[in-house]
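Participant: Here is what each chain is made of, one letter per residue.
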Amino acid sequence: MEHQSASPEVTFTHHTSDADFRKKVIRTTVILSVITVIELIIGLIIYNIHKGPEPSAFLVLAFKGVVCILTIAKAYYIVAVFMHLGDEIRNMIMTIVVPLLLFIWFIAAFIYDGNSYKNLRNDYDKHFKESTMPKGHHKAEEHKVEEPKPGKQ
Amino acid sequence: MATTATQQTKWWSGGKSPFNIEYGKLMMWYFLMSDAFTFGAFLISYGSIRFSQNFWPDPNVVFNAFPGAGHANLPLAFVSVMTFILIISSVTMVLAVHAGHNNDKKAVIKWLGWTIVGGIAFLSCQAWEWHHLITGTHATLIDGQIQWVGQTTTVNPWGNLVDAETLTAALKNSTVQSIAQVVHEQHGNTMSHEQLLGLPKDQLLNMVNTAELHIREKGPVAFGGYFYGITGFHGFHVLSGVVINIVMLLMAKNDVFAKRGHYLMIEKAGLYWHFVDLVWVFVFLCFYLI
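Chains as they are written, first to last, in our numbering: chain A, 1 to 153; chain B, 1 to 290.
Check each hint, because a few of them may be wrong.
Over the 10 Å line for every Cβ pair with chain A, so calculated as not near, a few chain B residues [said to hold, decoys possible]:
| hint | residue |
| --- | --- |
| 1 | G70 |
| 2 | W114 |
| 3 | Q177 |
| 4 | K259 |
Examples of chain B residues lying across from chain A (beta carbon under 10 Å, computed) [unchecked claim]:
| hint | residue |
| --- | --- |
| 5 | Y30 |
| 6 | A77 |
| 7 | H101 |
| 8 | T154 |
Non-contacting residues of chain B with respect to chain A, defined by C-beta distances greater than 12 Å in every case (computed) [as the list claims (entries may be wrong)]:
| hint | residue |
| --- | --- |
| 9 | S90 |
| 10 | C125 |
| 11 | D202 |
Read the hints as simulated data drawn from the structure, not as lab findings. Using N, Cα and C, we set each Cβ at its ideal position, and we do this for glycine too.
Assemble the whole structure, with the sequences as input and the hints as a guide.
Facilitator: Next comes the structure, spelled out in structure tokens:
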């Protein structure tokens, strides 16, 4: 393989033999496919939990968490192997990865904000709560209400 | 004096690239990072709205159709096909970039061609899915009566399930057309929609099998807008990726890269294409899996 460079300033190239490259691509493709299949299986498990008589909110949440982690693993393989970011020099990797850490705050803050808005609305806007709360949850909530509602006794 | 100096100075001067990487490739990385924040902001805003609702549609209820399978309930099937199309087209792109490193014009053209085929296949799938969601109408409880609606940015049929009592009351308030359509869905072959429309309303109401009828309220308004907005923005990226790849294919065919002595341009197009795949991984997660 001859040395390829757009300018003489760049001296660093990714030297991989055809055999190594082939092995790496096949391995990554298999990993990505297997993770996707696992994700689909979990998706169907969640579907069946929802269909069941007593859907366990905790189990659904746990499976959703697993899917999120698997997705991040997929993203890692695409970026590190397919986009060759793993082969660049360390400082270059850091200029891409460090700004992305902002997402940790970004996700946490905005999800928390949405959730807090929902809780406030359920407390102060009874019409919103009655008209949007799924029936199953609604009954569960009603048990907690201390004073009996008129007309329901 | 200063101007003559700058004229001769290259952008990437200093004799050595700071990150030992081409200028163009580095800038592609920074563009992709900014694009990741754009997509991230969209998806996080979707998450924020979703967490602010007591009810959100179950993706397995919304996305359960497959081309040619009629009304069969096949949750996740079609979107898994779309996901695999994008993964495979990402692999063919890696092979095209690698062929470029080897200055192998024939292989570059071959693998770029397959990548373009994969991109077009994905876009076709998305077009079918959108078409199905918009035109496939469902009987929905809206303003106390049954109406037939598809998923648009203003209304969608994916709300809470309606109980039998409310359903019976709603059927009485509904128009003859809506009821006739319900009856037609339930006993498809016995009478045509036109014949049913000729019947009096009472008779139509008696023909409705309420026990078998699962009707939902209209879903959260934001659902349609976020779905079409974000998958549309991603689809637009796929479309521009396909156009870029076609340009690369034509340039390779016309020996532009061969004359230049290197195929590094393919590498930048490849970065963009992989990014499109990367974004799909997250769109897939947020809309179809959780």
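Participant: With reference to the structure, classify each hint as holding or not holding.
Facilitator: Quick rundown of the hints versus the structure:
1. No Cβ of chain A comes within 10 Å of the Cβ of B:G70; the nearest lies about 20 Å off, and the non-interface call holds.
2. No Cβ of chain A comes within 10 Å of the Cβ of B:W114; the nearest lies about 14 Å off, and the non-interface call holds.
3. Under the 10 Å C-beta cut-off, the non-interface status given to B:Q177 relative to chain A holds; the minimum distance is some 27 Å.
4. Here B:K259 stays apart from chain A, with its beta-carbon at least about 14 Å from theirs, past the 10 Å limit.
5. Given the 10 Å rule on beta carbons, the hint for B:Y30 holds: about 8 Å separates it from the nearest Cβ of chain A.
6. Nearest Cβ of chain A to the Cβ of B:A77: about 9 Å, under the 10 Å cut. The hint holds.
7. The criterion of a C-beta within 10 Å of any C-beta in chain A is met by B:H101, whose closest approach is roughly 6 Å, and the hint holds.
8. For B:T154, the interface hint is violated, the least distance from its beta-carbon to any beta-carbon of chain A being 18 Å, above 10 Å.
9. Once the 12 Å rule is applied to beta carbons, B:S90 is inconsistent with being away from chain A; the minimum gap is 6 Å.
10. Every C-beta of chain A lies more than 12 Å from that of B:C125, the closest at about 15 Å, which supports listing it as non-interface.
11. Taking the minimum C-beta to C-beta distance to chain A, about 30 Å, the non-interface status of B:D202 holds against the 12 Å cut.
Hint compliance for this structure: hints 8 and 9 are not met, and every other hint is.
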